[in-house]
Structure formats: C-alpha cells, structure tokens
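What follows is each chain in one-letter form.
There are 2 protein chains.
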Amino acid sequence: MQVNNIGWSEIEEKIARKAFEKAYEREINALIEEVRERGSKLAELDQVWHLHDFLSARRHDIDGKYDYRYSVLIFVFARLLQEGWLDLDELKGLEPDKLTKIIALARM
Amino acid sequence: MQVNNIGWSEIEEKIARKAFEKAYEREINALIEEVRERGSKLAELDQVWHLHDFLSARRHDIDGKYDYRYSVLIFVFARLLQEGWLDLDELKGLEPDKLTKIIALARM
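Those protein sequences? They're chains A and B, same order as listed.
Throughout the first sequence, residue numbering follows this note's numbering, covering 1 to 108 in sequence.
Throughout the second sequence, residue numbering follows this note's numbering, covering 1 to 108 in sequence.
As a list, the in silico DSBU-like pairs of lysine-lysine whose alpha-carbon atoms are at most 30 Å apart:
#: 1; chain 1: A; residue 1: Lys65; chain 2: A; residue 2: Lys22
#: 2; chain 1: A; residue 1: Lys22; chain 2: A; residue 2: Lys98
#: 3; chain 1: B; residue 1: Lys41; chain 2: A; residue 2: Lys41
#: 4; chain 1: B; residue 1: Lys14; chain 2: B; residue 2: Lys101
#: 5; chain 1: A; residue 1: Lys98; chain 2: A; residue 2: Lys14
#: 6; chain 1: B; residue 1: Lys41; chain 2: A; residue 2: Lys22
#: 7; chain 1: B; residue 1: Lys14; chain 2: B; residue 2: Lys65
#: 8; chain 1: B; residue 1: Lys65; chain 2: B; residue 2: Lys98
#: 9; chain 1: B; residue 1: Lys41; chain 2: A; residue 2: Lys65
#: 10; chain 1: B; residue 1: Lys18; chain 2: A; residue 2: Lys41
#: 11; chain 1: B; residue 1: Lys22; chain 2: A; residue 2: Lys41
#: 12; chain 1: A; residue 1: Lys41; chain 2: B; residue 2: Lys65
#: 13; chain 1: A; residue 1: Lys22; chain 2: A; residue 2: Lys101
#: 14; chain 1: B; residue 1: Lys18; chain 2: B; residue 2: Lys92
#: 15; chain 1: A; residue 1: Lys18; chain 2: A; residue 2: Lys101
#: 16; chain 1: B; residue 1: Lys41; chain 2: A; residue 2: Lys18
#: 17; chain 1: A; residue 1: Lys98; chain 2: A; residue 2: Lys18
#: 18; chain 1: A; residue 1: Lys101; chain 2: A; residue 2: Lys14
#: 19; chain 1: B; residue 1: Lys22; chain 2: B; residue 2: Lys92
Chain A residues, not near chain B, derived (Cβ > 12 Å throughout):
#: 20; residue: Ile6
#: 21; residue: Ile15
#: 22; residue: Lys18
#: 23; residue: Lys22
#: 24; residue: Arg69
#: 25; residue: Val72
#: 26; residue: Leu88
#: 27; residue: Lys92
#: 28; residue: Gly93
#: 29; residue: Asp97
#: 30; residue: Thr100
#: 31; residue: Ala104
#: 32; residue: Met108
Simulated from the structure, these hints should not be mistaken for laboratory data.
Backbone N, C-alpha and C define an ideal beta-carbon position, used for all residues, glycine too.
Let the sequences and hints guide you as you build the complete structure.
As structure tokens, this is what we get:
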C-alpha cells in the first residue's frame, strides 16, 4: 500500500487540519481531566510516583503521535481513529483512496 | 572536619532514625499536598508538562537525599535542617560533637 507522497488538495488540507486539531484537543482534554482526577485522590507517595510515570509515558506518546506532516498523516489518522480520538465522519471530504487506506491501517 | 567513620551509640541511632523518618514524612506530605493543589488547578497542557517536570525534579531530589547510612547521616541532617524539614530540637540527644558538625554544615 502506497501511503507516502500522496498529494493533498487545499480542501483536503483544511479537513485534515481540522480533524487533527479536534483529535488533539480531545486527547489533551481527557489527559488534563485524568491528571486532575488522579491529583485530587493523592494520598500516598507511591501514587505520586505512579502519576509521574504516567505523565512520562503520556508525554512521550503524545509528542510522537501528533506529527502533522502530509507524508505521515495517513498513519496518524489511522492511529487516532483506532484509539477513538477521531471519528471517521470527521475525515469526510478526503479522497476515497485516502479514506480506504486510513480505514485499512486503523484495522491492522 | 572529620564527618565519616563516626560511631553512633544505640540511643543516638534511635534519635537519628526518628528524626530522619519525621523529616521524610514532612517532606512527603508537603509534596503530596503540592501535587494535589497543582492537580486541582490544571487547565492547560503546559501546566501538565510543568507538573511532570516538577515531579521529575522532586523524585530525583528525594531519592538522592534520604540516604540513611551512618557514614553520610551528618550531611543528610545538615541538609534537612537547612531546608527546614528538620528542627534542631529533634536531634537533641546526639553527641555535642555531631551536633556541632551538623550545625556547621547546615550554615554552609
């Protein structure tokens, strides 16, 4: 499956940017909510270090995942779909070929 | 100033252990309180990553600081005094020579 070097029209770029930002916003809000929740329940040192470990992992994950380069966007969207941060409807308007690839990758 | 290879009597060991644990308990409780406070105020991603940086630094600091070996205890107590986690009164009963060294180091 050829997923690099795919051209994106101006309309597709707008759709992609919006979907990307929406997914990011959702994931960040969920993270803030979870940290707030965990923070409010802290009672022991172990929980503090677990929170630290959790944040280390989430930071690494989020830093790597939200890569807005058109050469990797098909993979990024597939992962965001798979993880539930993005809905297929939000990619409506992309070329059918791209959607097919995203859906196929998300199912892997 | 010779601070290694100092002998500790059984009574001194009891005083030292109690003071060490008290300081640790205070610092840990203050940390838990601060993380809880920061957690409850989280509103933006930047604050989440600042919390992560803060926890990384505190973990490194606390892991290194609370070293209960008699060969380094004079230094540990000096630092705990300096940082306010320990009160001089709580070391009462240690040999005057040790107290003098701890106080001198704490003032450095």
